[in-house]
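Heads up: the protein sequence lines correspond to chains A and B, in order. According to the working numbering, the first sequence is numbered sequentially starting from 1. According to the working numbering, the second sequence is numbered sequentially starting from 1.
Don't take each hint at face value.
Straight line, CA to CA, 25 Å or less: simulated BS3-like cross-link-like pairs of lysine-lysine [stated by the list, open to error]: (1) Lys95(B) with Lys8(B); (2) Lys16(B) with Lys36(A); (3) Lys216(A) with Lys14(B); (4) Lys16(B) with Lys51(A); (5) Lys15(A) with Lys25(A); (6) Lys51(A) with Lys4(B); (7) Lys51(A) with Lys283(A).
Restraint-style ranges between C-beta atoms, simulated for each label pair [what the hints assert, rightly or not]: (8) Glu72(B) with Glu171(A): 26 to 36 Å; (9) Ala38(B) with Ile130(A): 18 to 28 Å; (10) Asp206(A) with Glu3(B): 38 to 48 Å; (11) Asn90(B) with Glu148(A): 16 to 26 Å; (12) Arg116(B) with Val181(A): 29 to 39 Å; (13) Ala41(A) with Glu72(B): 23 to 33 Å.
FYI, nobody ran anything at the bench for these hints, they're computed from the structure. Quick reminder that beta carbons are idealized off the backbone N, C-alpha and C, glycines included.
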Amino acid sequence: MASIKEIKIRIESVKNTRQITNAMKMVSAAKLRKAKNSIFAARPYANELNKMLELIKIKNKTIKHPLLAESDEKGKNALVIVTSDRGLCGSFNANLIREAKHYLQENRSADLICLGKKGYDYFQKRKNKITHQYIDYFNKMDFSISREIAEELLNIFLNREYTKIDILYNEFKSAIQQNIVVKQLLPIIPTKIEEDKSLDYLYEPDEKTIIDEIGKKYINVSIWRIMLESSAAEQGARMTAMDSATENASDLIQELTLNYNRARQAAITTEIIEIASGAEAIKQ
Amino acid sequence: MNEKLSLKIIEPDKIKIEGEFDHVIIPGIDGDFGVEVAHTPFITKIRPGILQLYTNKKIDKYAIHDGFVTVENDQITILTETIEKENEINLSRAKDSKNRAEKRLSSSAEDINFRRAEASLKRALVRIDLGR
């Protein structure tokens, strides 16, 4: 059995750890709230843009546009994998990476684009081909940052390096639940809208220019939303992970305290026995 | 029929303005145009310029730099990534960026960011124009 002093040191160190995990939990909770608000705030813009894109697509079934075209040609795919930059968030990244490996097995020629440090580190070590990486983008996140990424992805696509770009990320469901989503980023598939608009719009200057622009904006806002989702999911995952870590630490402290008391009691008992037997010896 | 236009200006991270106006002037890609009640359904791109919103003789002016506008059934929706109200503009910063952009544009170096410099010059000019 460990000595009393050792157990005491151990208890102190676990207490320190618990303090850290608890603080991280609080911080994540606050960040999560902020991220959730940002997701809500981003909704109107994205919905409106989607509506416009879909409207144009319905009106002009014949239109062929590189951003919208469903290309039949078999070409190279790229996968954008959105992980976090920092660890200590449970299985958040591990699940994503597993899914990415699946994807790579099915699409052997696919290249990787990593958004977030964790995914990059993992695939870099395993010598996968990573064509682009964006690291430390999450801590200074705002729309102009996501626009930078979006513009680069769009250029890659328009230069015909890839016929299709998919994106893999964690979608925020609730603080304790994340869904892994694989979505086609380019060419664009607008989400179906319900309402049937019979209005005929005038386009100025012309449809192609409008689609060009809307398509660009659509990608910008898609990346923005995905980053928001992913960071909210990350904070949620971290909060849950840190919560159970705190709980574990408390359990451990309890157990150690018990051991400590037992050891202390044992020491006292031995001492008493020694004194008692000493006294007995003197009497005789 | 509604006497007023309802207008919504949406930025990626928030709804900037939502309200009713009598008359709106928007800098479209092919020139400024005014929207009154009962305008034709219409979609266009916005060029950097000044957006003017009229209510009861009061004019609100905004510097707007990009985006789209749709008009339908007296509902105007503007989607934009950058818009600033008159009093949000920092004139000295705009002047600085104008100078910077001009310098970049006049340098003969083969600059791949030519278009970016041009765009930033345009933005600066609109801001200065409105900020004065």
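Sort out which numbered hints this structure fails and list those numbers smallest first. 1, 7, 9, 10
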